[in-house]
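Trainee: Spelled out, the chains give:
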Amino acid sequence: MSGSENIAIDYRKTEVYDVLVDQDQIFDSYTQLLIFAAAVGYAHGRFEEDVEPDAQTKWYYIKGDNRLEVAIASIAYSHSRDPDVLTDLVRQFDILVGYGAGGAEVLLEEVVEQPGENLDLLIQLIEDQHDTDEMQRQLGILEEIDAELTTFSSGAD
Amino acid sequence: MILRALELTNFRQFHGQQRVDFVADERNVNVIHGSNGSGKTTLLNALTWLFYDELTLPRPESLASERAMAEADPGETVTVGVTLEFDHHGLRYTASRMREYRRAEAGSLRGEQVGGTLTLEYVDEDGNRRERENPQDTLDNIVPERLKDIFFFDGETIDQLTALDSQEQIQEAIRSIMGLEILERGHRHLDTVRKRFEKQVREHGSDELEELLSEKEDVEEELAAREQDIVDIRRSVEAARDSVAEIDERLRQTDMTVELQERRDELTGRIESLEGDLAENEEKIERAVASRGMVPFLMPALEDVGAMLDEKRQKGEIPSDIKTQFVDDLLELGECICGRPLEEGSGPHDAVAGWRQTATDGEFERAAVFVGGQLGDVGGEHAEYYEAVDQLIATREVLRERFRRAEEGLSEISEQVAESAPEDVADLEERRGELQDDIASYNQRIGAADDEIERLRARKFDLKEDIRLAEKQSEKAKIAARRAEAADALAEYVQALFEKFQETVRRRVNEKVNETFTAIIAKDYYAHITEDYGLEILKDVGGTDRVPVAKSTGERQVASLSFIASLVDLARERHERDEETEYFKGGIYPLIMDSPFGALDPTYQRRVSRTLPEMSRQIIIFVTDSQWSEEVAGEMREIAGRQYRLEYTDADEGDGYETTDITTELEGAVA
Numbered sequence: 001m002s003g004s005e006n007i008a009i010d011y012r013k014t015e016v017y018d019v020l021v022d023q024d025q026i027f028d029s030y031t032q033l034l035i036f037a038a039a040v041g042y043a044h045g046r047f048e049e050d051v052e053p054d055a056q057t058k059w060y061y062i063k064g065d066n067r068l069e070v071a072i073a074s075i076a077y078s079h080s081r082d083p084d085v086l087t088d089l090v091r092q093f094d095i096l097v098g099y100g101a102g103g104a105e106v107l108l109e110e111v112v113e114q115p116g117e118n119l120d121l122l123i124q125l126i127e128d129q130h131d132t133d134e135m136q137r138q139l140g141i142l143e144e145i146d147a148e149l150t151t152f153s154s155g156a157d
Numbered sequence: 158m159i160l161r162a163l164e165l166t167n168f169r170q171f172h173g174q175q176r177v178d179f180v181a182d183e184r185n186v187n188v189i190h191g192s193n194g195s196g197k198t199t200l201l202n203a204l205t206w207l208f209y210d211e212l213t214l215p216r217p218e219s220l221a222s223e224r225a226m227a228e229a230d231p232g233e234t235v236t237v238g239v240t241l242e243f244d245h246h247g248l249r250y251t252a253s254r255m256r257e258y259r260r261a262e263a264g265s266l267r268g269e270q271v272g273g274t275l276t277l278e279y280v281d282e283d284g285n286r287r288e289r290e291n292p293q294d295t296l297d298n299i300v301p302e303r304l305k306d307i308f309f310f311d312g313e314t315i316d317q318l319t320a321l322d323s324q325e326q327i328q329e330a331i332r333s334i335m336g337l338e339i340l341e342r343g344h345r346h347l348d349t350v351r352k353r354f355e356k357q358v359r360e361h362g363s364d365e366l367e368e369l370l371s372e373k374e375d376v377e378e379e380l381a382a383r384e385q386d387i388v389d390i391r392r393s394v395e396a397a398r399d400s401v402a403e404i405d406e407r408l409r410q411t412d413m414t415v416e417l418q419e420r421r422d423e424l425t426g427r428i429e430s431l432e433g434d435l436a437e438n439e440e441k442i443e444r445a446v447a448s449r450g451m452v453p454f455l456m457p458a459l460e461d462v463g464a465m466l467d468e469k470r471q472k473g474e475i476p477s478d479i480k481t482q483f484v485d486d487l488l489e490l491g492e493c494i495c496g497r498p499l500e501e502g503s504g505p506h507d508a509v510a511g512w513r514q515t516a517t518d519g520e521f522e523r524a525a526v527f528v529g530g531q532l533g534d535v536g537g538e539h540a541e542y543y544e545a546v547d548q549l550i551a552t553r554e555v556l557r558e559r560f561r562r563a564e565e566g567l568s569e570i571s572e573q574v575a576e577s578a579p580e581d582v583a584d585l586e587e588r589r590g591e592l593q594d595d596i597a598s599y600n601q602r603i604g605a606a607d608d609e610i611e612r613l614r615a616r617k618f619d620l621k622e623d624i625r626l627a628e629k630q631s632e633k634a635k636i637a638a639r640r641a642e643a644a645d646a647l648a649e650y651v652q653a654l655f656e657k658f659q660e661t662v663r664r665r666v667n668e669k670v671n672e673t674f675t676a677i678i679a680k681d682y683y684a685h686i687t688e689d690y691g692l693e694i695l696k697d698v699g700g701t702d703r704v705p706v707a708k709s710t711g712e713r714q715v716a717s718l719s720f721i722a723s724l725v726d727l728a729r730e731r732h733e734r735d736e737e738t739e740y741f742k743g744g745i746y747p748l749i750m751d752s753p754f755g756a757l758d759p760t761y762q763r764r765v766s767r768t769l770p771e772m773s774r775q776i777i778i779f780v781t782d783s784q785w786s787e788e789v790a791g792e793m794r795e796i797a798g799r800q801y802r803l804e805y806t807d808a809d810e811g812d813g814y815e816t817t818d819i820t821t822e823l824e825g826a827v828a
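Sequence order for the protein chains is A and B.
Residue 1 is where the first sequence starts when you use our numbering, and the numbers rise one by one after that.
Residue 158 is where the second sequence starts when you use our numbering, and the numbers rise one by one after that.
Next comes chain A alone, as it looks inside the complex (with noise of 0.2 Å):
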């Protein structure tokens, strides 16, 4: 990856970045919500292709900050199922702004719109993934057990 700092990512930057970075100062940066907008796209599945960038920033205001890199890279590979876009930061660059741009508007809908605090509602957005987690976690378990009962009910016949 060296040699590559000052690779750009062009991203869509919507009303969210100014609410939520200029207005209420939560995010730090742009760059900082982008990714936290990538992640609640994966998170809900809104994915958009062919974003339109209005707005750029640099791979070097990331480089550095593992969990960032790590979070684009993961998102990166989980949506491709591809190793070696974990060695193709164009790719992961391409997946983080199309996940961005979908995360963005799950936070225009799900926070900036509603009545209320913005932080209020962006905590109520994490605990309700929390829920989620911990609704798939049990799913999970029973689809095992529900699979082990299967096996055994096949066994008895």
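If you're looking for bench data, these hints aren't it; they were derived computationally from the structure.
Be aware that one or more of the hints could be misleading.
Said to hold, decoys possible - Which bits of chain A does chain B cover? Going by a derived footprint, with three or more residues having C-beta under 8 Å, they are:
#1 67-76
#2 83-92
#3 108-117
As the list claims (entries may be wrong) - Under the rule of at most 25 Å between Cα atoms (straight-line distance), these lysine to any residue pairs were calculated in the SDA-like manner:
#4 B:K469 to A:T87
#5 A:K13 to B:E609
#6 A:K63 to B:R444
Claimed, not checked - Beyond 12 Å from chain B on every Cβ pair, some chain A residues (computed):
#7 R12
#8 K13
#9 I35
#10 Y42
#11 H44
#12 D50
#13 E52
#14 Q56
#15 Q129
For glycine and all other residues, C-beta sits at the position ideal for the given N, C-alpha and C.
Given the structure of chain A, go ahead and fit chain B onto it with the hints provided.
Mentor: Same frame as chain A, now just chain B:
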């Protein structure tokens, strides 16, 4: 500037030539004694007349000594003048303002002005006597007129510096004494230049451009108006807060409400402290959300990538003992590391080529090691995030509950004061409630004006961009536009520089003022220059918080004195600092004060007297006998290098004309 001697010639009641010599050595205090009406203020006016041709005395037109006019025959002239010898920036100056009056007729002491001069001589490095060509400008540079109330100040009215409408005076004093007005003037000039170029752009540009420029002008005017609104509203807030503080002070001194007021002070302090805690808590929540809030959303992706890497590890693909590039190099070289030839199609060749299946390229392995190594840490933040935010939200609830209870407590106190106290005190409480409502309403208006300012700034920014594009249409407009842009950019830079310096100086003055103030005042009081340049006195409440207090005249006077002393000291510091400074030249200035002990109680008189000699290299004070109390004299007698007395003779007692003679004072140190 250090004063060496002042000579008066027939100036008001000072008949003939009279002289005062000043010192500025170890014994740096010069004292002029005189009873009320003896001429102390006239002497101070002699200095302002010399420097600015200005008198603040009754009958300013009667400059000449009546006795001198009476002694002159009709048609004869009388010379009136003030001469000051002083040192400034290493040179010895003699400034002299003289005026000739011709006596008109025998029955009248009125004189007609027939001539007048102002000269400023100095002795150069070689000892030659020279004269400044523009004496008035030079004098105004040495002690700018806008600083005259600071350098020649009247102690009886000095407490006005802590009044609400004094912010401008304080701000101007800070700017002037540190030379910041150079930057201010620069900004104003650049703004004028920009407007001139924009006019040219309009003349040579399109209609669209003209509209854009016109809108920009409107936006700028609107912006300036809103900014002024905020300044005005803030003053109203300060005024309301001061009134609340005055009422609180009265309630503290009223037997029936003293306990309630103490409880209110405590609750007010607690509320302020809780506000701080809540803000800090909110910031921690924001930081947690912004930095780690993404992790819960990422968990499936982290699991996916973890599973993939694990699989590759199990297959032995990572970490790999062998790299793709190494295998390719061997095949290209045609020789194995054991020396066996690797001919295409041969067994050894195929065996080596087979290694590529388990080999990885280095870049992938590095990425895999990095991502794999971080997965545990990032994933671990999942639980940490929820735990931290749950804890912070629980703390927030507790703080909010405490805040609510403290506010309820305040409200109850207000009701109790209104119900239990006599009518006049109940009225005070009602007025207090109204003032608190006013403050809340003012703060809302400030918030609204802030929003409007933000909107206007954004609009101005957009307009500037549109104007830049429209300007490209015309060549002449383009040149003027480039110049306007350059002036604008420079003006913004100068403004930013100015604000930065001004804030730095305000903070420094703030430190100095408080240092001097707390050295004099015994109580837990603090002097403070607010962000909008109010001189405020604060007091400890609840251990950690400070609130504005009602000020006794004495405390106001000490705060004002501390402010002036701080400016003089800072100007000296800048001057003595051995570095090249473009804006902050500073200088040595004396402290010249009429009645500095006027409203002080004996304790403060002693403390001010003790501190005063350290405030400047030269101190010149005018005092009445009652102000030269035992407390003052006890501290000052030994360090007073020169003492004079103004001997006043009333018109009814002497030869029919009021006169003042300057005599040396024999008490303690003598002239």
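Trainee: Does each hint hold? Answer for all of them.
Mentor: Going through the hints against the structure:
Counting residues of the region 67-76 of chain A whose C-beta sits closer than 8 Å to any C-beta of chain B gives 7, which meets the bar of three, so the coverage hint holds. Remark: the region 83-92 of chain A is confirmed as covered by chain B, as 4 of its residues place a Cβ nearer than 8 Å to a Cβ of that chain, reaching the required three. Counting residues of the region 108-117 of chain A whose C-beta lies closer than 8 Å to any C-beta of chain B gives 0; at least three are required, and the coverage claim is violated. Taking the CA atoms of K469 (chain B) and T87 (chain A), the gap is near 15 Å; set against the 25 Å cutoff, the hint holds.
Taken as a hint, the K13 (chain A) and E609 (chain B) pair is honoured in the structure, with Cα atoms around 23 Å apart against an allowance of 25 Å. The suggested pairing of K63 (chain A) with R444 (chain B) holds, with an alpha-carbon distance near 20 Å, which does not exceed 25 Å. No beta-carbon of chain B comes within 12 Å of the beta-carbon of R12 (chain A); the shortest separation is about 18 Å. Residue-level check passed: K13 (chain A) sits 15 Å from the nearest beta carbon of chain B, beyond 12 Å.
For I35 (chain A), the condition that its CB be more than 12 Å from all CB atoms of chain B is violated, with the nearest at approximately 7 Å. Residue-level check failed: Y42 (chain A) sits 6 Å from the nearest beta carbon of chain B, not beyond 12 Å. A beta-carbon of chain B comes within 12 Å of the beta-carbon of H44 (chain A); the shortest separation is about 8 Å. Distance check on D50 (chain A): its Cβ is at least 22 Å (rounded) from any Cβ of chain B, clearing the 12 Å threshold; non-interface status holds.
With a least beta-carbon separation of about 20 Å from chain B, E52 (chain A) lies farther than 12 Å from that chain, consistent with its non-interface assignment. The Cβ of Q56 (chain A) lies farther than 12 Å from every Cβ of chain B, with a closest approach of about 17 Å, so its non-interface assignment holds. The beta carbon of Q129 (chain A) sits about 4 Å from the closest Cβ of chain B, which is not more than 12 Å, so the claim that it is off the interface is violated.
Comparing the model with each numbered hint stated earlier shows that hints 3, 9, 10, 11 and 15 do not hold.
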